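A.B. asks: Here are the chains, one letter per residue:
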Amino acid sequence: MMPSMEFLVATGIGWTTACGIWLMLRGRSFPVVLGLTVLGYAVNVFIFAMGRLWSNAPPIVGMGPQIADPLPQALVLTAIVIGFATTGFVIELALRSHHASATDHVDGDPADRESAS
Amino acid sequence: MGLIDQLPVLPVLLPAATAVVLLLIGDHGGGEHNLRRQTLSGRVAIGSALLGLILAIQLVLQAADGNLMVYRMGEWPAPFGIVLVVDRLSAMMLLLTSLVALPVLLYASGGWAGHGRYFYALFQFQLMGLNGAFVTGDLFNLFVFFEVLLIASYVLMLHGQGRERLRVGVHYVVLNLSASALFLIGLALLYALTGTLNMADLALRVPLVTGPDAIVLQVAALMLLVVFGFKAALAPLSVWVPATYAAASAPVAALFAIMTKVGVYAILRVHGVIFGADAGASAMLVEPLLLPLAVLTSAIGVLGMLAAQTLPRLVAWLTVTSVGTILLAIGLFGAPAWSAALYYLAHSTLTVAGLFLLVELVAAQRGAVGARIEPASPVAQPALLGLMLLLAAASSVGLPPLPGFIGKLMLLQASSGHAHAALVWSTVLLAGFLSLLGLARAGSTLFWHVRSDMPSGASGASAPLVVATGFLLATSVAMSVFAGPLQRYTGAAADQLHDRASYAEAVLGEQGGLKARTTRPYTGRSGTTP
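Protein chains in written order, with the working numbering: chain H, 1 to 117; chain P, 1001 to 1530.
Hints may be right or wrong, so weigh each one.
Said to hold, decoys possible - Stretch by stretch, here's where chain H covers chain P in the computed footprint (C-beta under 8 Å, at least three residues): (1) 1004-1011; (2) 1178-1192.
As the list claims (entries may be wrong) - Quick partial rundown of chain H residues pointing at chain P, CB under 7 Å, derived from the structure: (3) 5; (4) 82; (5) 90; (6) 100.
Unchecked claim - Over the 12 Å line for every Cβ pair with chain H, so calculated as not near, a few chain P residues: (7) 1144; (8) 1147; (9) 1310.
Since the hints were made in silico from the structure, they are not lab data.
Source: prediction; values computed, not measured.
Backbone N, C-alpha and C fix where the C-beta goes; we use that ideal spot for every residue, glycine too.
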């Protein structure tokens, strides 16, 4: 039996979220930024899926008997743009912090460098 | 449409346009040739803030008559288009933002603005986000304006640079981005179950959600409580506040005093009104949570004040304590308690903002000891700064006849008859007493335990800095003088929040949106679109 599309999307979002959270809990700025990005992807797909999953249904009135909900698609565009901007900013910030404290540990303390994972 | 109809959108457009002008003027950081640009930028920014203040006063005057000003972007009918709504609460928050912004800008123009680039432009973007969050009538736009104010705040927080700011800045940004992700998940769930994110429409549709769907809806609402609680410094999500506020430069910390209130405002709108008494299966969702968490917030706040080693940390913990008191009042539900919450909110924002500026003035005159709370050489202006600190401290702990006392009295009166009245009374009174201890300890160390063996050579603060700080504290004290009209206003604002029918009628009614029922969950049939 083929698993349903809903099941696949839901587990996909769940797995991506879990990866994002795990990465965010690391002690180094690079995995943290990566984790934020991955979490952002999961959230974006989640918003998209909240309009329910449709196949062969365009989000335009009058194109067929069924229409997909266009609003989550508009919301997700906004969320993607904002996520893109903040990711750019946080990368630059992590680099600055690295230069200022000579470590990429999120607490910026060289003494923690050995103990951090 | 006349200019008067465009009024609700102007508090958003004015700072946005000013910010663009300031970007065009440019700012190359330090250097002699940049001084003229800086001066010009400062004048433009202060002029714009003054205009914003006039605008906010005009909006308050209009809202005071009970008008609900609804502005539909591009004439799209609600709930489909973007809608801005200014009621008494929104107008009051706009005025409060302007009252904080103007003196803080004046203060920043006295030196801080030159410690980095584009301070004025970012300040205006932050104002745009704050004003937008207060006027929007739609939860997704609330998210967008949150992001606008946060992105500006990320850079403002780092203003002046330095290792400590960068270290705390990384934490601040990462925490806020995680909160934003949670915000989006909550919003998506709300939309999935109700098919709308318009606040007026949500208030109508949330009661219709029942059964298992209602549980998912409540999960979404509680996720939003985590997000707003994080912004508002609700315990246990308040631990980031002192580090961040203490690391930020003084004018930025003063402006951030209003940022915690955005979280409080959002809790009031979403959990107070939409998930309030009339929300059917989800009614009074956060009532069992908000009161204990607010008590915890107050407790952590005063303990932090007692343990604080530096002045900015002391004030930052005072911010947390005051948020605890405000949320306590919101958690009591009912118009009198909310009226007290709004009065206390306005007072504590002004006082805390003034204190952030004041402690920097004090620290600057204490030589190498700076902001640490330990004996040092006497400050150059002991009478002036000491009296200002005394006034602010007495008001925040709630000594009569200052506004802090009136706010707490309103809260205690509103709590009488409530099941947890004893808890509320003991929290408010104990928190007040312990804040008094913390502030008295700091004040006596600063002004009385002076060491004359240390070199004093510090000069007095320049006039604009003192005027800016004094203005904030004077506005706060003026709340006591005009307590009668202000109380009537906050009382009317609280009543207006409870009047969900008029709100829905004003936002949706004209366009027949009240009857525009789409079937939810969305089925995809063309026939179901309104």
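A.B. asks: If a hint holds in the structure, say so; if it does not, say that too.
C.D. replies: A quick look at each hint next to the structure:
{"no.": "1", "hint": "1004-1011", "in the structure": "violated (count 0)"}
{"no.": "2", "hint": "1178-1192", "in the structure": "holds (count 10)"}
{"no.": "3", "hint": "5", "in the structure": "violated (14 Å)"}
{"no.": "4", "hint": "82", "in the structure": "holds (5 Å)"}
{"no.": "5", "hint": "90", "in the structure": "holds (5 Å)"}
{"no.": "6", "hint": "100", "in the structure": "holds (5 Å)"}
{"no.": "7", "hint": "1144", "in the structure": "violated (7 Å)"}
{"no.": "8", "hint": "1147", "in the structure": "violated (5 Å)"}
{"no.": "9", "hint": "1310", "in the structure": "holds (19 Å)"}
Consistency note: the structure conflicts with the earlier hints numbered 1, 3, 7 and 8.
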